[in-house]
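A.B. asks: Given next are the chains, with one letter for each unit.
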Amino acid sequence: MLTIPCPWCGDRHESEFFCGGAYEKARPARPETLSDEAWVDYVTVSPNPAGPLVERWWHQRGCGLWFFLERDTLTHDIRPLFDGEDHEPR
Amino acid sequence: MRQRYSIFSLARNALGFHRNWQRVWRSPPLRDAYDVVIVGAGGHGLAAAYYLAHNHGVTDVAVLDRGWLGGGNIARNTVTIRSNYLRDESIPFFAKSVELYKGLSRELNYNLMFSQRGMIDVVQTYPRLRDLTRRMLAMDIHGSTYRRISVAEVRRRIPPLTGGGPDARMPIIAAMVHPDAAVARHDAVAWGLARAADSYGVALHQNTPVRSLLRGPHGGISGVETERGTIRANKVAVAVSGHTTTITETAGLRLPLKSYNLSAFVSEPVKPLINVVVNCPDIGVYLSQSDKGELVVGGETDPQQSFRRGIKEAVFEDAAAAMLDLFPSFKRLKLLRQWGGCLDFAHDASPIVSATDIPGLFVSAGWWGGFKAVPVGGLTLAHLIATGRPHPLIEPFSLKRFERLEFILESGTTSTR
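As they're listed, the protein sequences go chains A and B. My numbering applies: residue 1 is where the first sequence begins, and numbers increase by one. My numbering applies: residue 1001 is where the second sequence begins, and numbers increase by one.
Careful, some of the hints might be misleading.
Stated by the list, open to error - If we take Cβ atoms under 10 Å as the criterion, some of the chain A residues that face chain B in the derived model are: (1) L2; (2) E14; (3) E37; (4) S46; (5) A50; (6) G51; (7) R71.
Said to hold, decoys possible - From the derived model, a few chain A residues whose C-beta atoms are all more than 10 Å from chain B: (8) W8; (9) C9; (10) K25; (11) R30; (12) L34.
What the hints assert, rightly or not - Sample of chain A residues at the chain B side, in silico, Cβ under 8 Å: (13) M1; (14) S15; (15) C19; (16) A22; (17) T44; (18) V45; (19) N48; (20) L53; (21) E55; (22) T73; (23) L74.
Simulated from the structure, these hints should not be mistaken for laboratory data. All figures in this text were calculated on a predicted structure; none of them were measured in a lab. We treat Cβ as the ideally placed atom computed from N, Cα and C, and that holds for glycine.
Based on the sequences and whatever the hints tell you, model everything.
C.D. replies: Structure, rendered in C-alpha cells:
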C-alpha cells in the first residue's frame, strides 16, 4: 500500500485515490492548429520511464483534489509536486 | 534435433543411468555480427527465432537475453491460453494461436503439457452478462466458441464454487464457457522453442543485456550495444515486454505503450479440485489448478505504471479476498509463492507486431498476457522480419493504426479477461 501525500489532507492510504496517469505536458490550447502527427502523439504516446514519473492523482474518496506528484516506477519513491494555484507541476 | 525424445530414448537413457543425455541447447560464442538479432529470449522472441528458421530458412539469428532463458515474463504468468476476444481482427488471431499450441508439442518434440481444459467465466452483474453475450455473438462469426450456462450447471462443474449465493452481495447470475481455452507448462514452452531453434543453428545468448540500439549513417538500424560488446545486424526485433520503450527510446523511438505490474500467487498443492480455468471478471480474480495440485491465482494489475517485479500487498489482498467471496472453502489454504511481472499495454489494449519508422527495427509488444499468443506472435513476427511484409493475421496490428486512430479496442477483454 502506498502512502500518498494529499496537499489538503496530508498522508493518506492509496486506496482513497485514483491515479490519473502520467503527466508530460499540458493539453494543447488550440488543438486545431496542431499537425495530425503532433495531435496523435499527444493523444496516444505518454512517458513510460523506468524511474521517476510525474503523475496526476485525484483524492477521489477524500477531499476531491487533483494534484501532481512524482513517483518512481522502480522503487515507488514519492515526491510531492504541488503548486496550489496554477495546478501545474513545479 | 540432435537428440529426439521418445519412450525409447527415455528407456535407453534410464539403462545408461541418465548419464548420456545431451545438453538441450548449445551456448555458442558471441559473434560480432548476425543477419537478425532478437532482443529478449522469452516466449515471443524464441518463437520468432524458431519460425524464422523453420518457416523461412533464416538461421543466422542471435537471441539475446539479459538474464537466463525463460526467466522473464514467460516464467511470470498464469499459463492461460484463450481466444475470447471481441474484435474482428483479434478473434482469428488468437484462435490461430490456440490452434498452433495444439500441434506444438508434436512439432517441437517437447511435451508442453498442453491441456485444453476450457475456461468458465463466472458472471455476477448484468452489464457483464450483456458484454459477454456480445463477445459470444462476435466469436460465433469467427468460429471461436463461447456459450452461456446456468448457475446450476456452473456449480456442478466447479464444486468448490459455493459462494455467490442468492443472499450474497454479488450473486452469481450466469456463466460463460470457452471450451478452446487451455493451459500449458510455461517453462516447457520456452525450453521447447529454444531447443528447436537451437537445432536449426540459432544462437541463444543468455546474460547478454542490451544497452542500446545502434543506428547507421542513413538512420536504419545497424546493431545493438550489449554489455558483452557491439553486435552488428541489419534487422533487430525487440520482444522484451514491459521494457520495450526502455530499449526503443535508446534509438529515439517513442511508442504508445505503458508498463504495468501484474501479479499472481500459488497455494500449497491439494488434490484435484478444479478441472477448468475459472475467471471471475466482476470481482477481479481468476484461478486454475496446476498439474502439481497448486491453485494458481491471478488478480488485477497494480493500477499505476510500474516496472517492478514484486507483488503489492494491496493488490494481493484484493485478489485473495475476492477469491474467498466465491470459494469460501479456500480460506484455510496456505499460499506458497507469489510473483509479479512487468508487462506493457498499448493505448488501445491490442498487441503491436510491426515494423517501425527506423528501417530494420521491428517490435512485438503490448501483449499484456502474452503467453496465450506465443506461437502466433512468433509466427507473424518471423514473417515480418523475413519478408518485410506483415503476415495477413497481424496486418491490422501495426503501429500505423495509431497514426490513423484506427484502434482495435480490447480494453476489458485483454485486461480483465
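A.B. asks: All hints are to be evaluated individually against the structure, with a verdict given for each.
C.D. replies: Status of each hint after checking the structure:
1. A least Cβ separation of about 8 Å between L2 of chain A and chain B falls short of the 10 Å threshold, and the interface hint therefore holds.
2. Taking 10 Å as the C-beta cut-off, the interface hint given for E14 of chain A holds, the closest approach to chain B being about 6 Å.
3. Here the hint on E37 of chain A is kept, as its CB sits about 8 Å from the closest CB of chain B, short of 10 Å.
4. Restraint check, S46 of chain A versus chain B: the minimum CB separation of about 7 Å is within 10 Å; hint holds.
5. For A50 of chain A, the interface hint holds, since its Cβ comes within 10 Å of a Cβ in chain B; the closest pair sits about 4 Å apart.
6. At about 8 Å, the closest approach between the beta carbon of G51 of chain A and any beta carbon in chain B falls short of 10 Å, and the interface hint on this residue holds.
7. Annotation: interface hint on R71 of chain A holds; nearest CB of chain B at approximately 7 Å, less than 10 Å.
8. The claim that W8 of chain A is not at the interface with chain B holds, since no C-beta of that chain comes within 10 Å of its own (minimum 21 Å).
9. The Cβ of C9 of chain A lies farther than 10 Å from every Cβ of chain B, with a closest approach of about 19 Å, so its non-interface assignment holds.
10. No beta-carbon of chain B is positioned within 10 Å of the beta-carbon of K25 of chain A; the least distance is around 13 Å.
11. Residue placement check: R30 of chain A keeps its beta carbon more than 10 Å from all beta carbons of chain B (closest about 19 Å).
12. For L34 of chain A, the non-interface assignment is confirmed: its Cβ lies about 14 Å from the closest Cβ of chain B, beyond the 10 Å cut-off.
13. A hinted interface residue such as M1 of chain A counts as satisfied when its beta carbon comes closer than 8 Å to some beta carbon of chain B; here the least separation is about 5 Å, so the hint holds.
14. The closest approach between the C-beta of S15 of chain A and any C-beta of chain B is roughly 7 Å, which is under the 8 Å cut-off, so the hint is satisfied.
15. This hint holds: C19 of chain A has a C-beta 5 Å from the nearest C-beta of chain B, less than the 8 Å allowed.
16. Taking 8 Å as the C-beta cut-off, the interface hint given for A22 of chain A holds, the closest approach to chain B being about 6 Å.
17. Given the 8 Å rule on beta carbons, the hint for T44 of chain A holds: about 4 Å separates it from the nearest Cβ of chain B.
18. A hinted interface residue such as V45 of chain A counts as satisfied when its beta carbon comes closer than 8 Å to some beta carbon of chain B; here the least separation is about 5 Å, so the hint holds.
19. At its closest, the beta carbon of N48 of chain A sits 4 Å from a beta carbon of chain B; the interface hint therefore holds under the 8 Å criterion.
20. Annotation: L53 of chain A was flagged as interfacial toward chain B, and the flag holds, the nearest CB pair being 6 Å apart, inside 8 Å.
21. Interface restraint check: E55 of chain A against chain B, minimum CB-CB distance 7 Å, threshold 8 Å, status holds.
22. Hint status for T73 of chain A: holds, given a least beta-carbon distance of 5 Å to chain B, under 8 Å.
23. Checking L74 of chain A against chain B: minimum C-beta separation of about 5 Å stays under 8 Å; hint holds.
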